[in-house]
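Residues per chain, in single letters:
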Amino acid sequence: MLKKSIKTYAWLLAVNLFISTFTFGGGYIVVPMVRRFFVEKKQYFTEEDLTDMAAVAQAAPGAIAVNLSALAGYRAAGTAGALISCCGAVIPPLVILTVISACYQIFVSNVTAAAVLKGMESGAAALMVDLITDMSAMILKKKSLFLSAMVPPAFIANFILGINVALILFVCCFLCVLQVFCKRRM
Amino acid sequence: MVWKLFTAFLKIGCLSIGGGYAVIPLIQEQVVEAEGWISEKMFTDIITISQMTPGPLAVNTSTFVGLQAGGTVGALAATAGCILCGLVISLALYKFFQTYQTSAYVLEVLNGLKSASLGLIISAAFTIILLALCGGNKPGLDLLSFNWTALLLLLAMLSVLRRWKLNPVAVIFISGIAGFILYR
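Chains as they are written, first to last, in the working numbering: chain A, 1 to 186; chain B, 1001 to 1184.
Keep in mind the hints are simulated off the structure, nothing from the lab. Hints should not be assumed to be uniformly reliable.
What the hints assert, rightly or not - Cut-off 30 Å, straight-line C-alpha distance, at most; resulting in silico cross-link-like pairs (BS3-like, lysine-lysine): (1) Lys-141(A) / Lys-1095(B); (2) Lys-1011(B) / Lys-42(A); (3) Lys-1165(B) / Lys-141(A); (4) Lys-4(A) / Lys-1011(B); (5) Lys-183(A) / Lys-1095(B); (6) Lys-41(A) / Lys-142(A); (7) Lys-143(A) / Lys-1095(B); (8) Lys-3(A) / Lys-42(A); (9) Lys-1095(B) / Lys-1011(B); (10) Lys-1041(B) / Lys-1004(B); (11) Lys-183(A) / Lys-142(A); (12) Lys-42(A) / Lys-1165(B); (13) Lys-1004(B) / Lys-41(A); (14) Lys-1165(B) / Lys-4(A); (15) Lys-1011(B) / Lys-1041(B); (16) Lys-41(A) / Lys-1095(B); (17) Lys-142(A) / Lys-1095(B); (18) Lys-1165(B) / Lys-142(A); (19) Lys-7(A) / Lys-1011(B); (20) Lys-41(A) / Lys-3(A); (21) Lys-1095(B) / Lys-3(A); (22) Lys-1095(B) / Lys-7(A); (23) Lys-1011(B) / Lys-143(A).
Just so it is clear, the structure is predicted and the values come from calculations on it, not from any experiment.
With these hints in hand, go ahead and build the complete structure from the sequences.
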């Protein structure tokens, strides 16, 4: 039993180090990574659980990538799992930034590094499109007009109007409570 | 000094809902204006580095500022402060949602948060796509600066992903190699 849990902890640390090293392009890129390793490979939880976690990681303060790693670790191995995952998620940026801060000027003027990173931007964009396709299918499957209709305004409010994320989430919670309340009254 | 770094970044961590670039003004106010740990120029440099390296902006900034102001111990303290609040609150929030799943209100709020977070993820995806294809994060109609190579690479990676469910890390790796060949 003890051996098994040590094995799980080691896997959690390794997989989070790995994921965190490759999270170019913002916190959300962690979602397809977690899906691949935790849902498809190890089956610690379902895809539906993952969207729950992504929503919670988003609504809580702090970095989404770190929050989501901690939640995935929690589901796989409890509180210890959450702490281990969290360390795994933080170590790569700590190390990489320490190195880069020492030789920043050389790094930004390097043509090869710029070319590789430019290519990676396209890869990250493809991953996001893939994730969005699957997530949209999941929300449409619920056949709730109310929930489906909430997606475009959230997008417009954030991307085009630049409204604060906390405010968007607050309005969304308020509308949900109001909707349940009205349904019960009728 | 170490304690000061820890509390400053604890505050940043607690107040930064939504992550990403929403945190920039908050960090700027705390670290550049109030404490003067780093200069304005250095802060802009950190944002540039963050765009090119893995890891959340807040964590990257806390590492950098911690190193400048208090060495390795400072970096560790700042990073710990930065993630602590989010860690505790997201675990508590998740437990709360799991416990009260039977309540119609809680279930609907969670479903609504999921819808809103999809909208926000699409917004983040647009930012990345614009950055990859047009080199900026504001939509522009300048067709001359449109990067057709990047679009082709994106579509190629997407079709590979949809067809063979390729490992996401492999996708990043392959597109990095493609970038090396195509852009150098």
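Looking back at the numbered hints, which does the structure fail to meet, lowest number first? 2, 4, 13, 19 and 23
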